[in-house]
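Engineer: Take a look at the letters that make up each chain.
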Amino acid sequence: MKFIIAIIKPFKLDEVREALSAIGVAGMTVSEVKGFGRQKGQTEIYRGAEYSTNMLPKVKLEIAASDALAAQVVETIQQTASTDSIGDGKIFVLDLASTTRIRTGETGENAL
Amino acid sequence: MKFIIAIIKPFKLDEVREALSAIGVAGMTVSEVKGFGRQKGQTEIYRGAEYSTNMLPKVKLEIAASDALAAQVVETIQQTASTDSIGDGKIFVLDLASTTRIRTGETGENAL
Amino acid sequence: MKFIIAIIKPFKLDEVREALSAIGVAGMTVSEVKGFGRQKGQTEIYRGAEYSTNMLPKVKLEIAASDALAAQVVETIQQTASTDSIGDGKIFVLDLASTTRIRTGETGENAL
Amino acid sequence: MIRKLVSGAGAIGAGLFGATAAFAQDAALQAGEAVEPVTATVNKGDTAWMITATVLVLLMIVPGLALFYGGLVRTKNMLSVLTQVLAVASLAMIVWVMWGYGMAFGGDANQFISAGKFFLAGVTPDSNVATFSEGVEIPEFVFIAFQMTFAAITVSLVVGGLVERMKFSALMVFALVWLTIVYFPIAHMVWYAGATPETTGLLFGWGALDFAGGTVVHINAGVSALVGALILGPRLGYKTEIMAPHSLTMTLIGTGLLWCGWFGFNAGSALEANGSAGLALINTLVATAAGVLFWMLTERALGHKGSLLGACSGAIAGLVAVTPAAGNSGPFGAILLGAVASVLCALFVVSVKPKLKLDDSLDAFGIHGLGGIIGSIGTAFTMLPGLGGPAAADYDLGSQLGIQIAAVLVAIVWAAVGAAIAFTIAKLLTGLRVTPEVERGGLDLGEHGERAYNY
Amino acid sequence: MIRKLVSGAGAIGAGLFGATAAFAQDAALQAGEAVEPVTATVNKGDTAWMITATVLVLLMIVPGLALFYGGLVRTKNMLSVLTQVLAVASLAMIVWVMWGYGMAFGGDANQFISAGKFFLAGVTPDSNVATFSEGVEIPEFVFIAFQMTFAAITVSLVVGGLVERMKFSALMVFALVWLTIVYFPIAHMVWYAGATPETTGLLFGWGALDFAGGTVVHINAGVSALVGALILGPRLGYKTEIMAPHSLTMTLIGTGLLWCGWFGFNAGSALEANGSAGLALINTLVATAAGVLFWMLTERALGHKGSLLGACSGAIAGLVAVTPAAGNSGPFGAILLGAVASVLCALFVVSVKPKLKLDDSLDAFGIHGLGGIIGSIGTAFTMLPGLGGPAAADYDLGSQLGIQIAAVLVAIVWAAVGAAIAFTIAKLLTGLRVTPEVERGGLDLGEHGERAYNY
Amino acid sequence: MIRKLVSGAGAIGAGLFGATAAFAQDAALQAGEAVEPVTATVNKGDTAWMITATVLVLLMIVPGLALFYGGLVRTKNMLSVLTQVLAVASLAMIVWVMWGYGMAFGGDANQFISAGKFFLAGVTPDSNVATFSEGVEIPEFVFIAFQMTFAAITVSLVVGGLVERMKFSALMVFALVWLTIVYFPIAHMVWYAGATPETTGLLFGWGALDFAGGTVVHINAGVSALVGALILGPRLGYKTEIMAPHSLTMTLIGTGLLWCGWFGFNAGSALEANGSAGLALINTLVATAAGVLFWMLTERALGHKGSLLGACSGAIAGLVAVTPAAGNSGPFGAILLGAVASVLCALFVVSVKPKLKLDDSLDAFGIHGLGGIIGSIGTAFTMLPGLGGPAAADYDLGSQLGIQIAAVLVAIVWAAVGAAIAFTIAKLLTGLRVTPEVERGGLDLGEHGERAYNY
Ligand SMILES: Nc1ncnc2c1ncn2[C@@H]1O[C@H](COP(=O)(O)OP(=O)(O)O)[C@@H](O)[C@H]1O
Ligand SMILES: Nc1ncnc2c1ncn2[C@@H]1O[C@H](COP(=O)(O)OP(=O)(O)O)[C@@H](O)[C@H]1O
Ligand SMILES: Nc1ncnc2c1ncn2[C@@H]1O[C@H](COP(=O)(O)OP(=O)(O)O)[C@@H](O)[C@H]1O
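So the protein lines, in turn, are chains A, B, C, D, E and F.
The numbering of the first sequence is this note's numbering, which starts it at 1 and goes up by one.
The numbering of the second sequence is this note's numbering, which starts it at 1 and goes up by one.
The numbering of the third sequence is this note's numbering, which starts it at 1 and goes up by one.
The numbering of the fourth sequence is this note's numbering, which starts it at 1 and goes up by one.
The numbering of the fifth sequence is this note's numbering, which starts it at 1 and goes up by one.
The numbering of the sixth sequence is this note's numbering, which starts it at 1 and goes up by one.
Read the hints as simulated data drawn from the structure, not as lab findings.
Glycine residues also receive a C-beta, built at the ideal position from the N, C-alpha and C atoms.
Please note that the accuracy of each hint is not assured.
Unchecked claim - Sample of chain C residues at the chain F side, in silico, Cβ under 10 Å:
#: 1; residue: Q42
#: 2; residue: E44
#: 3; residue: I45
#: 4; residue: Y46
#: 5; residue: N54
#: 6; residue: P57
Unchecked claim - With a Cα cut of at most 20 Å, we get these calculated SDA-like pairs of lysine to any residue:
#: 7; chain 1: C; residue 1: K34; chain 2: F; residue 2: Y453
#: 8; chain 1: A; residue 1: K2; chain 2: C; residue 2: R17
#: 9; chain 1: C; residue 1: K2; chain 2: C; residue 2: A111
#: 10; chain 1: F; residue 1: K239; chain 2: F; residue 2: K353
#: 11; chain 1: A; residue 1: K34; chain 2: E; residue 2: G441
#: 12; chain 1: C; residue 1: K40; chain 2: C; residue 2: R17
#: 13; chain 1: A; residue 1: K40; chain 2: C; residue 2: R17
The following block holds chain A by itself, in its conformation from the complex (with noise of 0.2 Å):
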């Protein structure tokens, strides 16, 4: 099994998500993160003092999947994410040693 760790624009969450509903994720788990990178950051202004810390909003999305899935479930992500701009995020993919559903404690694809 792989687990996906993808940084994607807040804005594409949703379309995203329903990629990968029609591939058969039948999950995920979504987080709001910052990140730094190429994109640069709009610069901020209070009274006289001035940020721009290229800290820009993004979400993150964890996925384990199984290996059969996990390719097009990286390419699911890497062409719906796309806006084909700066920015646009990372796909990471790690192995994933177990997984264990807590409900009923299944290990493995089945607690997917």
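Guided by the hints, dock chains B, C, D, E and F with the ligands onto chain A, whose structure is given.
Structural biologist: What follows is chains B, C, D, E and F with the ligands alone, placed relative to chain A:
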């Protein structure tokens, strides 16, 4: 060492944390996330606009544990966090290559 | 490639980010988390009710780095984020199976 | 004159001096000695102030009290508190013009209720009511509106004991019954001066002092909230889970608006823009200031840090305590009252309450009930000229103290029994408590289908 | 007398009875029959109330309306809403003293505008204007300030249809033009009583009833917002993305402050602290309470949960509807009006609007426009003595209804055409809409370079 | 009459015309020519307005100023700001009735302080003070309460220079000393008219104009905050860490409430509900509106975006500047003053301050101090009839300008020296600054044991 990621229902957090302390887990990192899965969310309506996202508030635990303790951690979480109802969450276990304690620079299991 | 997760004290974020930029880290993802560990939290009292959770605000960095750079990243974080006081945080390193840049579809170290 | 000055505000006009200029003249004539009857006239300065006072009391309810309470609950129940306050206050206003004013001030009947002017029958823009000064009147619609806001805030205060678990529908049923069997009769008993002792409100007839509603509003609401908290039982997770206030910022806003609005309450109860209102004004400033400082000092004395929630709680304790005394005290009596009430409420809430099983969630009893009792009894003391109070030389502290205590006891018993009945009726009709799932998930989503914040 | 009492508040003093004591005496002398002319005097009670009323209307704008609207948008656009409301209101105030007062109330010209007193020429602290009672005046500066706040809130209300996508600069241009060609003329038409029919405002001359601005403020703003929403087009992602209110807490605060401030609006429009103001006071309490309860009941009837946003929306619907009727209705007429407006607006907003393409983002039309229309037409009914209204025995419902409908139609057409012109001019000068990138990223950063929250 | 109209509000009644009706008659008799002494009477319209004005000034403090300041700090220090404002304001109120009123207005002593009426000795609900109109009085308790709120807000304003690092206990000590040695004397010097030149306040005797407190409140607080910021030193991380306002929404709410409350300040300083109050009312509307727009324009001129924080800052700058001029200017003079103050404060805060080492954290000096100076000096100009001001034909701009500048200098020096003493005493008694750990972790947890938000 293992890196354990658990998604649980928010109100179970205190109970799980205490149970983990009891088996010798000295630390963990907690964040608020939104979960998407089989559990259905409630529909919100604001004047005419209906939103039913199925994105439910969950809590994510991240726990680095020695290989020896890891299985027990998973079991403890599974048992404490379960309410036998859909949406109780998942536990994911990843391999952890290395650990460093920032204060001292210690590494490996000493750093946990 | 490695996937590095660091938990640090919030006020160290700017310093760490600059130090990492200096050694060539082009991007990272940041989130707000709560940490539980040896460091003791402050007790809060609201009218009679006392709460002392030991859950302290921390910042989590996630950085994908080439194998070459990974060790230096860990070292830089460890040195910059340390205040020699309890609660400075941890650095966890995981193996990263693959990386994709959403904008271009590039993969591997090119995508970092 | 002193009796009028110090007596509870509000009712006397509607009763003793009659509700219209014509009635007032009749009364003057009946008095026999009035060879040159004073022609009662509406004073526009008084009217200007009383309209403003009415707006100020509304400001106390929404957004004032709604935010004060709302800030203290968890995020997931924020909207439910705001909705409950807004809805019961609205309900109280509608009921007030239907039968509330009639039952409280509508005309002579007996010592427990009035009867008359139901659905405001006969009231027009030209109807006036007397104030405490002979020959001075204000428009009756203004008086009705002013008193309407008192009914509305009192029932809203009860919400403080019931939050995070009570069904919205149950609260509405409770409010309807409780206003009818508790609030309207108590308002009549404390503030209505009828033509004869038999038709004058019971406590008013005894000579009980309640300038602006220590008994009618605060003891009443505090005791009823306590009864409700007992009947409902504690919130799930009470004392085991963290239930920290989700936004003390909101509680501070609420505190500030309550303070500002309370001048409508206290100085408005003079019914005129005069020196008595001025006295209530300054007392309501300094008693509250003393409450703020003494709660924080009590926290320090108990080994804690002085907190904002403490400061806000102290402000409310001071305000509650000075309510019955607002025009019945000098400024230093008011400071004393604010300080004493603040210390005692702080001791109760910080040290005693955590040992009880009771979940009076937002301390409606611990602050309004207790503060109201302290204020009502304390008013017997603040009257003393030695404390700068307005009592005459022949003032008898002992007997007044007896009257105040008796009045407090009547209010406590009446409110407790009436509230128990009202909660029971609500339980039978709708059930009192939300399901555990809704309580877990929060009443905002479960009862109202919304979230307070979507950041 | 009834005509004066029931007529639209505001203008009559500046026109018919003259703007200064001297003018008033002249007028009296011209009237021929005034052998003993009443010396008009400023009443300080009235002045006290009118200053207070002015402050209350300002409270409605900032923070009231700003928060009500701001809470309903997404976090990323919060500041833009707050800034827009604050800035257009400020602009309106400056324009008002330059040519607004002159065009609306400055002196006899024709049925569509006044002309005179531009830049407040000739007005001093000793200038007074008449009220509705003979011989009673208030300082003209107070009257100018009071009316200034009406202009300011009306243009701010229009923002509700335009949020989350309109350029700040475009809004400022729009406001300048719209005030000049829509607001000032309509205010004149509804409230200005000139010396002759030819110089009296058109709708006022017809005898249209608008106590506190149902037509001038609400229909006007609601229709203009609708036109703006149509011209701008819907927000990106409208109906596909989640656009839930980012903080209903702010919307509740706004609702409470709007309610409290509205007494300045409605009771202030009596221009005096008298029984008529008292009537407006109580009506503004109960109509709103009815609005709160009936919107929630409508939600239940439609199978939804009763919501806080519903309660707040109902409060505003009730307030809007009672505005033209505030002094032209008894309390039960007001309750009826509040309830009917609340139910109809709820049906429109909850059931009809979602089926339309139209993105009247914060329902400026659905609540202010529609509620204003219901209130203006309903006022013909609430006048009926049978409903407790103040009409004389010979009141002719049919003809008054005709007048009200005609006045509403004139206002709708004038506002629609004028708003279209104003938006078009803004479009030509600055462009109307922000870029899609700014809209995605939020107007706070894109237009103002700030974030609302940095928690 | 002009001298009375234009003079600083507040003191004259307590001094020149005497504090009670009896005293006033004496004074009249002493004047020799009073064959038919005017019987001074309390006007209820004035009283109604002054009670309302007092409530409005309280609204400025809590929640107004508390939120304005609180929104500008970081989340972790929110509660500390709210607590500091609430607690120092409360302290000021208690001190005011003990020795503040006595030192400022208590009776003739010398040009620097009054002496008498300590602990409000002898004041009863029947005591009255004269207003600016002969024979017109208001209850003394109302006057005391009104002036009390001025003391309370002034010391609260100082907090703006000290936030995010000063110990709570140190602030309380500072407040106690500072009120006694700075505020009460300056209030006396500016506003107290004694029976003889030797007992008349120094600046008042010179003929300095300060209608509502430009000197007493704003210069005073601004300069003292500056001194405090210098003594405390900058916050840890100043200019290196991000210190963006945690909630501009709160700052907007604060701005709105400050604006609304400021009418109590400015129009209340007329002490009557008359044309002079009306003038202050309209000036306080348009000067603020000009401030809003011109700060945003200045931002644009400097190449930035027009921001909400700018708009709010401009509103305050306009309000501060118009304070001394409120009744001493025509509306267009007020617009000019608001615009000039807004532009100059904006230039200072946006362009000059970032280059200084100084951490006047919330610009208490940059806006209140500077705005107060501009307003006080500008008042010499707004008096000019050519600008619509109320000066008589023989008004000598040059000499008045000299007086205004001299008065400003006295206030600056007195405040600076006094504040330095007060901070030094606090430092000796409690230490001024929290530990670096507490500063890092936030004063909310470190000093008060609470968090502002638990979402
Ligand atoms: N090395 C990295 N490790 C972790 N997250 C990264 C890394 N580089 C980029 N990111 C995340 O991806 C987001 C987009 O990266 P950015 O360099 O701005 O554009 P692009 O994805 O188009 O190359 C960043 O905001 C950050 O959240
Ligand atoms: N494939 C997945 N990858 C990551 N997180 C998941 C995945 N499936 C479920 N989750 C998380 O687990 C939570 C519970 O899942 P759900 O399907 O609702 O119920 P259950 O855990 O009882 O099967 C989800 O809300 C989500 O946060
Ligand atoms: N076993 C662990 N797994 C995950 N996170 C941990 C673990 N132990 C500690 N942490 C994180 O590191 C932070 C610091 O740990 P703590 O024990 O307080 O001090 P130190 O890092 O100095 O040993 C904690 O707040 C928590 O966020």
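Engineer: Take the hints in turn and mark each one as holding or not.
Structural biologist: Here is how each hint holds up against the structure:
1. Hint on Q42(C) holds. Least Cβ distance to chain F is approximately 5 Å, under the 10 Å limit.
2. At its closest, the beta carbon of E44(C) sits 6 Å from a beta carbon of chain F; the interface hint therefore holds under the 10 Å criterion.
3. A cut of 10 Å between beta carbons decides the hint on I45(C): the least distance to chain F is about 5 Å, and the hint holds.
4. For Y46(C), the suggested interface contact is upheld, since its CB lies about 7 Å from the closest CB of chain F, less than 10 Å.
5. For N54(C), the interface hint is violated, since its Cβ never comes within 10 Å of a Cβ in chain F; the closest pair sits about 13 Å apart.
6. Because the closest C-beta pair between P57(C) and chain F is about 9 Å apart, less than 10 Å, the hint holds.
7. The suggested pairing of K34(C) with Y453(F) holds, with an alpha-carbon distance near 15 Å, which does not exceed 20 Å.
8. A hinted pair counts as satisfied when its Cα atoms are at most 20 Å apart, and K2(A) with R17(C) does not qualify at roughly 29 Å.
9. Restraint check for K2(C) and A111(C): satisfied, since their Cα atoms lie roughly 13 Å apart, inside the 20 Å limit.
10. Between the alpha carbons of K239(F) and K353(F) the distance comes to roughly 12 Å, so the proposed pair stays at or under 20 Å and holds.
11. Straight-line distance between C-alpha atoms of K34(A) and G441(E) comes to about 14 Å, which keeps the hinted pair within the 20 Å bound.
12. Annotation: proposed proximity of K40(C) to R17(C) is violated, straight-line Cα distance about 26 Å (limit 20 Å).
13. A threshold of 20 Å between alpha carbons decides the hint, and for K40(A) with R17(C) the separation of about 15 Å falls inside it, so the pair holds.
Violated hints for the displayed structure, listed by number in ascending order: 5, 8, 12.
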